[in-house]
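Peer 1: Chain by chain, the residues:
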Amino acid sequence: MKHKVTVTLNGRQREDEVEPRLLLVHYIRDVAGLTGTHVGCDTSQCGACTVHLDGRAIKSCTMFAVQADGREVRTIEDMAAANGTLHPIQQAFWDEHGLQCGYCTPGFIMAAAYLLEQNPTPTEDEIRKGLEGNLCRCTGYVNIVKAVQAASRTMSGAAQAADPSAATVAGE
Amino acid sequence: MIPAAFEYARASTVQEASDLLRQYGEDAKVLAGGHSLIPLMRLRFARPSALVDINGIRELDYVVVEDGKLRVGALTRHVDLHRSDVVRQNLPILAEVADEVGDNQVRNMGTIGGVIAHADSAGDYPTIARMLDAEIVTNRRRFRAADFFLAQLTTPLDPDEIVCEVVFPVANGPHKYVKFRRRLFDWAIVAAGAQKTAEGWRIGLTNCGPTPVRCTAVEQALAAGASPEEACQHASDGLEPSSDLRASAEYKLHLARVLSRRAIEQAS
Amino acid sequence: MAITTMVGARIHRREDPRLVRGHGRYADDFLRPHTAYMAVVRSPHAHARVRSIDVAEAARAPGVVAVLLAADFKKVLSGTMPVAPAFVPEKKQAPDRFPIADGEVCFQGEPVAVVIGESRYQAADAADLVQVDWEPLPVVMDILQAIEPSSPTAHAGATDNIGWDLTFSPDAEAAFAEADVVVKERILQQRLAPTPMEPRGVLAEWHDADQAMTVWMSSQNPHFIRLFIGGAMGIPENRFRVVSPDVGGGFGSKISPYPEDYLVPAASRLLGRPVKWIETRTENLQNATHGRGQVFDVEIAGNRDGKLLGLKITQYLDLGAYVGTFGAFQACACLLPGAYVWKQVASRTIGVLTNKVPTDPYRGAGRPEATHLVERMVDLFAQEIGRDPADVRRTNFITEFPHSSPFGLVYDSGNYHGSLTKALEIAGYESFRREQEEARQRGRYLGVGISTWIEICGFGPSAGTAPATGGLALTESAHVRVFPTGSVNVFVGTHSHGQGHDTTFAQIVADELGVPYDSVEIRHGDTAEGPAFGYGTYGSRSLAVGGMAVLKASHKVRDKATKIAAHLFEAAEEDVAFDQGHFYVKGSPENRKAFGEVAFAAYGAGLPESIELGLEAVAYFDPPNFVWPFGAHVCMVEVDPETGGVRLLKYVAVDDCGNVINPMIVEGQIHGGVVQGIAQALFEEVVYADDGTLRTGTLLDYSVPTASEIPTMTLDRTVTPSPTNELGVKGIGEAGTIAASGAVINAICDALAPFGIKHVDMPASPDRLWKQIQEAKA
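Chains as they are written, first to last, in our numbering: chain A, 97 to 268; chain B, 651 to 918; chain C, 16 to 793.
Chain A on its own, in the form it takes in the complex:
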């Protein structure tokens, strides 16, 4: 029996009829047509399917679409600005050669976005731990860590620039 689900996907609300067993990742890819989120494993280790659910990073392969009813889902396709400007994390992955084949990359970017939101200036250890739920086979993680560090600098620098009280601190 199909169930009706209403999901706010990348800011747009959509209504669909789905089987209860339809995995959220298949909903995103096959029903909504957003193929940037990838499936890399069967048992929720690899993290290639990472998206944000109500602002939290989760693995969309270990959730059913029906569970996302009434909730907000954000995928990699929503990270760049409407005019095409890359999100600082995307830019940092590009600048630091944080990707090779690119298959794990959307998952890493979504995991990194959540990490930096929770902890804007993580140490290297905190970055490695913060990305423990994502596997990469190509990069050896070295440049992924550098990318998150670069993104952290850009984003906390921008945050400082945007915050009027920060100017005083910088000038001291």
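It is possible that some hints are incorrect.
For lysine to aspartate or glutamate, the following DMTMM-like pairs were computed, each having C-alpha atoms within a straight-line distance of at most 25 Å [as the list claims (entries may be wrong)]:
{"#": "1", "chain 1": "A", "residue 1": "K225", "chain 2": "B", "residue 2": "D836"}
{"#": "2", "chain 1": "B", "residue 1": "K826", "chain 2": "A", "residue 2": "E220"}
{"#": "3", "chain 1": "C", "residue 1": "K786", "chain 2": "B", "residue 2": "D894"}
{"#": "4", "chain 1": "C", "residue 1": "K786", "chain 2": "B", "residue 2": "D836"}
{"#": "5", "chain 1": "B", "residue 1": "K826", "chain 2": "B", "residue 2": "E890"}
{"#": "6", "chain 1": "B", "residue 1": "K826", "chain 2": "C", "residue 2": "E657"}
Here's a subset of chain B near chain C, in silico, CB distances under 10 Å, partners left out [what the hints assert, rightly or not]:
{"#": "7", "residue": "I652"}
{"#": "8", "residue": "Y658"}
{"#": "9", "residue": "Y712"}
{"#": "10", "residue": "F835"}
Derived by calculation from the structure, the hints in this document are not laboratory data. Where a beta carbon is used, it is the ideal one built from N, C-alpha and C, also for glycine.
Starting from the known structure of chain A, arrange chains B and C on it as the hints suggest.
Peer 2: Below, chains B and C without anything else, positioned relative to chain A:
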């Protein structure tokens, strides 16, 4: 990869959930965080006929201190347990353990009730519950932890019975949970918990047998004045761990002794 | 005048903007109208006879289009899956393999039926309903037992399990007789699962009106797939198109054709509609070809003064149930005695059939195995004679190039002293030895391991590779096409799956043609475009062979453009200079024409009869030799004897791949390669139960490491150009994996030397190390 079909209903109260479980019958299962259940379903090792989704039961998501007890609602997610000031102040070992379960994404979805109900002796919360003599409260009964974890993946829960809360004693003395695994997001090969309470040490072991272990022999030795080194020789007493891909039974027994000692030595 | 070159520049990749936005195009991202989905019914037994298959219930299930068995596929598929000679031209036996089992299954996972459904989910459900009546047969799992005459056979009716028994060089007796010291060891190379993050996937569409096939799939070499599948289906290359756009990693596991690569197109032909199959991770770990899977018995002989004399290698190679198409490349582990001068090397390789999925190339394909065994034996020899392992290496390094190895392979250039010296300095080797001694006093076990690696890559010269592939040499092709308004397309027959060719090849062409980097577009992976045949990406060949084909085609284009420019200047061709994208008559640089202007003229009127219109060229490059990168890696560890746990303290890699086109990409390849080598040393292993059931069928059980397990690495380089090609380049894609496992295991053995432990096998997991330490203490 693709789960078998099932029926699905969402419950907004515990009563509703229990009624739905009864209605669907024995092969129905509760869906909370889903991170124990859904991987099994995707491999088709589990094929529930129906899932009752309890994620909407807000009344099960809380952490409060009452009468010297820490009451944790079953739907409290690992990430929230870890961040909770109430938990950090009243039972910090639980906050520490909550940060060790799975990985960041798993911690955003998984719940303490789910881990407890799943009763995998390789899980971390069952060890804490067992060693601290926690109480597991369902919509119908209350169990001492020692009576709840019957065997690997086996509890006395009836098909329409739902874990609603776990009640721990308050304990904010020296504590440490040492989890030995190969990769950070792996299940423990063996883990040891140590908690100093007013009445003495509580020591627990993860993945050393079909149920979580409380090391009363070690606790008694420590109480009698033995050093951690001497006392923890007893950590492996009477244990029958299974051999698996990661470790032989012999190695697990050895780690039980080593990690329990390290947990005590590092407790702060 | 400012000189700027793109070659050597550390520019970020042009592939990335679409990949970081989630706009990659991987196999599962393609859809055709009316596509049906395939699910494969696989044998749960490692060896069994199929008594009967009942498809009635499956055929009735909701959404099922068809259930197909071997008999159905035989209507459109013929022959047996190919087996390349590789390094073993004559095989004693290579069992015939039809893509779907017909009567007997020989490994767990072998396909016996396929279900085609309207949706992925319905196909999966129906696959569960196919009922097979199995008769289990004896299972062959251990290769050393499998070679015993009394062993059951992996294939019923075979006389034994020997795929081959080949001696490359029969004896090193003289060298051994002369030596003061002989050390023996048995070294294991566990089976590994390449585990690209993107599992395999195939979408096929048969166009009946055109009698043509289009396949979209994740492959490292689309042209070879076209050749093999087209051959089996009787579809000529000119009516078979294979498109492999973005490939989510391969590491060797997406080279050889697989059963599904035949079954999906065949199903499309049988059903008259597009069919798609996407692998699950469980299927991938079980059915994608495994790497390594070898046992080596090695002996090293030398003198107490440190001089190495002889090496004897016997390789037992676990072939699996069938010989993998390129599986015999792993035999090259017996052909590479490392960076050292030897008097004699003797080696023998024995390929053994077992009831497991076949083995085939996995990052390094024989070179990691060779390096690991040589570097381990050199350390064991050093320990035996009481000398520092770095010293023993230095005493024996090859210093003169070109160097002919004992097997007649010619190393093109090298500077082994240079990279080792640099690596030891960066790693702080001397001070570490002091630190190690102090730590031992305090009961802590630190260790340092060195791996001075060399490899053969850049496959390869036609003379050397045509015999290995059964006639098609592993040369490479490129087509450079300049459009009238000056933009450039470059079609190349290699196929990047993460190595950044879109960027590096454009860097080369931008320099050669003097055109803006952004005006050059690289295209690969689609057999409908570009030269007739491309050879793919593996064996660290893309730059040394593919990049050279691109260079050659670019030169042809530049030469023709020079002719046209000469015509436009009304000057003699030899009087025309080309510099920084402009042509001018020598002596009159101010009167110049841009490349784009000449390009436009190439398509216009007024050219003399001697110059044909157009500005494009095809080139095939046949390298005169393989290329031989090298380097030195140093790893420092601490071992906790209480738990057997290993902590990686430091990892230093100094590598030499000749001239560098883009240093950022080179470093990325080394990072990734090193981590796969570390993963073999410490984490990964394919494990089977005695009955042939795979125990490591998920990423929970098969331990690909996460970022938290990996240390920060320090990289540096030496640059010793290759004399083999004009670019002076060698390969680097596999180097990290070739070096790393030896460095890590040597470090662990060094740490545990006080316990009397001489050798440790992989993976050196905590439980194993602890057990070994306990046994050593007893």
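Peer 1: Hints first: check each against the structure and report whether it holds.
Peer 2: Quick rundown of the hints versus the structure:
1. K225(A) x D836(B): Judged against 25 Å, a Cα distance of about 13 Å means the pair holds.
2. K826(B) x E220(A): holds (24 Å)
3. K786(C) x D894(B): Satisfied, since the Cα-Cα distance of roughly 15 Å is no more than 25 Å.
4. K786(C) x D836(B): holds (21 Å)
5. K826(B) x E890(B): holds (24 Å)
6. K826(B) x E657(C): holds (19 Å)
7. I652: holds (4 Å)
8. Y658: Because about 15 Å separates Y658(B) from the closest Cβ in chain C, which is outside the 10 Å limit, the hint is violated.
9. Y712: violated (31 Å)
10. F835: holds (6 Å)
Of the hints listed earlier, those the structure fails to meet are numbers 8 and 9, in rising order.
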